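Q: The primary structure of each chain is shown beneath.
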Amino acid sequence: MSSATYTRYELLRTVRERRLMIFGFGFPLVLYFVIAVPNRHMQDFAGSGVTAPLYYMVSLASFGTMMSMVSLGGRIAGEREAGWTRQLRITPLSPRSYLRAKVMTGYTMAALSLGLLYIAGAALGVSLSAGDWIKTTLLIAVALLPFAALGIGLGHLLTVDSVGPAIGGTVSLLALVSGTWFPVTSGFLHALGQCLPSYWLVQAGRVSIDGQPWGALGWAVVLGWTVVLVAFAGWAYMRDTGRV
Amino acid sequence: MPGEVEAIRLEGLVKSWKGPSGPVRAVRGIDVTIGRGETVALLGPNGAGKSTTIDMILGLARPDGGHVSVFGRAPSDAVKAGLVGGMLQTGALIRGLLVHELVSMVASLYPDPLDIGEVLELAGLTDAAQQRTEKLSGGQTQRARFAVAVVSNPELLILDEPTVAMDVEGRRAFWVAMRAFAARGKTVMFATHYLEEADTNADRAVLLAHGRIVADGPTTEIKGRVGTRTIRATLPEVASNELAAIAGVNSAERHGDAVILVCSDSDQAIRELLPRYPAARDIEITGAGLEDAFVRLTGDPDDDEVPATGPEVHSAR
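Top to bottom, those sequences are chains A and B. Following the working numbering, the numbering of the first sequence begins with -9 at its first residue and continues without gaps. Following the working numbering, the numbering of the second sequence begins with 77 at its first residue and continues without gaps.
These are computed hints drawn from the structure, not numbers from a lab. Here the structure is a predicted model, which means the values were calculated and not measured. Every residue, glycine too, gets a C-beta built ideally from N, C-alpha and C. Any given hint could be a false lead.
What the hints assert, rightly or not - Label-pair restraints from in silico Cβ distances:
#1 G159(A) x G95(B): 53 to 61 Å
#2 T231(A) x Y270(B): 29 to 37 Å
#3 G224(A) x G148(B): 26 to 34 Å
#4 E80(B) x A131(A): 49 to 57 Å
#5 G95(B) x T(-5)(A): 38 to 46 Å
#6 E194(B) x L182(A): 54 to 62 Å
#7 P155(A) x G95(B): 53 to 61 Å
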């Protein structure tokens, strides 16, 4: 009697979603090659301070992992519609274990996406020290926390029909403002981006030059959004299961 | 495991939902006790309050008033202890798992589940064990949901309209599985709006209409009360109380020249009716829908008081 087996099957059935695998992992990978290959010799890419292959490796990894996390919402909405969430509520599975399994599923998908982009990056000549690879990965992992909460919150708030556009729209906008497609280094978009966790997700790629690419502002924004969105997810979950 | 307490005890249960035009008073005061090992049908038309009652027994809804206890505990505690299994009214299966994986996934949440092979056999899914959940037929899907509900080996199994949208063969297979589980000494409560299902598969039926219990007793008795057939005929100038006295007739109503006889045994009734009143014509015998029967049993649906003219509530147990 543990939630480990439950989590394992949760992962298994997610990995079996072929469309999710193709669009969730294939899409960022293809985009990476399309965008980074023509610019692969640019050293200080568009004022970002890093090479184009490194910049896009991290920015598209940010996009892919952010999508992995927020997509939790799509699957949750589907399970709610199927009545599965209610079925689980008449088992001894605690809300804590339920949510933990969701977050772990999100992180596993994010890790796969990240791994693929790292391999692609290395193929295009991205070379970092072992310490920098680890640091970048850890920063990305931290910056994904608010997106895990966002996905869970949207999944418990929206219907199957509305959650798709909501996820797609949110992630696309965040990606645009946060420099996924092109570095945003000044002006209004830059100021706006700095207030968003997705911006700092992309900035995790600057580890090799800055060492500490986030600074106090980055940490404050990421952790602040984590608190806000965890509260949102908690509210949405309680509201959804509020028939109790 | 408490040996003496009843499986379910509901006292003064009241629940309203928020509806588009004000609150919907789904359950308006239900008192009932279900003993261990009973198989009970919760019988009633749509909107009678069956699902709301079940949601409260399972801890999915909190009563506005009254009290629910399941094996002497709060519903959520009984659920946490793995004493209760449920098959909810609406529900598909999650995708991406094989049938045996789905059942194993749910089994892993319980302290002392049944063997997976045993559950699949009980549910008649042994041959479908290696199939993806999204590839199952309607009947197989319902039986897989049944397997999910019983894999914990619960003491109390609750099924909310389990055979809706199943074909005849599917229904038959489903009830075989249910009875096999009940035969293990388990308490089973199922909701249905088919009198037939209640009669064939339960020892006792609790009739709900408009959020109240209108009758409670052995299914044979309930069947007699509800009336299985209705005779309509044009028959002027015979008092309805004379007609109600005919053997096999439960009640008689007159609407102008037409009379409506609700029968527990329409065959017997028609044999007596025709020799006694040869003037009767335009005769129709129809199966009485439960809806009709309930309207007769309960009177005005929006009347807040228990109808004074309605039949007394049987409490056979």
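Q: Take the hints in turn and mark each one as holding or not.
A: Hint check:
1. G159(A) x G95(B): 53 to 61 Å: Hint violated: Cβ distance 32 Å, outside 53 to 61 Å.
2. T231(A) x Y270(B): 29 to 37 Å: holds (31 Å)
3. G224(A) x G148(B): 26 to 34 Å: holds (32 Å)
4. E80(B) x A131(A): 49 to 57 Å: Holds: the Cβ-Cβ distance is about 54 Å, inside 49 to 57 Å.
5. G95(B) x T(-5)(A): 38 to 46 Å: Between G95(B) and T(-5)(A), where Cβ atoms are some 41 Å apart, the hint holds.
6. E194(B) x L182(A): 54 to 62 Å: Because 59 Å falls inside the window, the suggested range holds.
7. P155(A) x G95(B): 53 to 61 Å: violated (29 Å)
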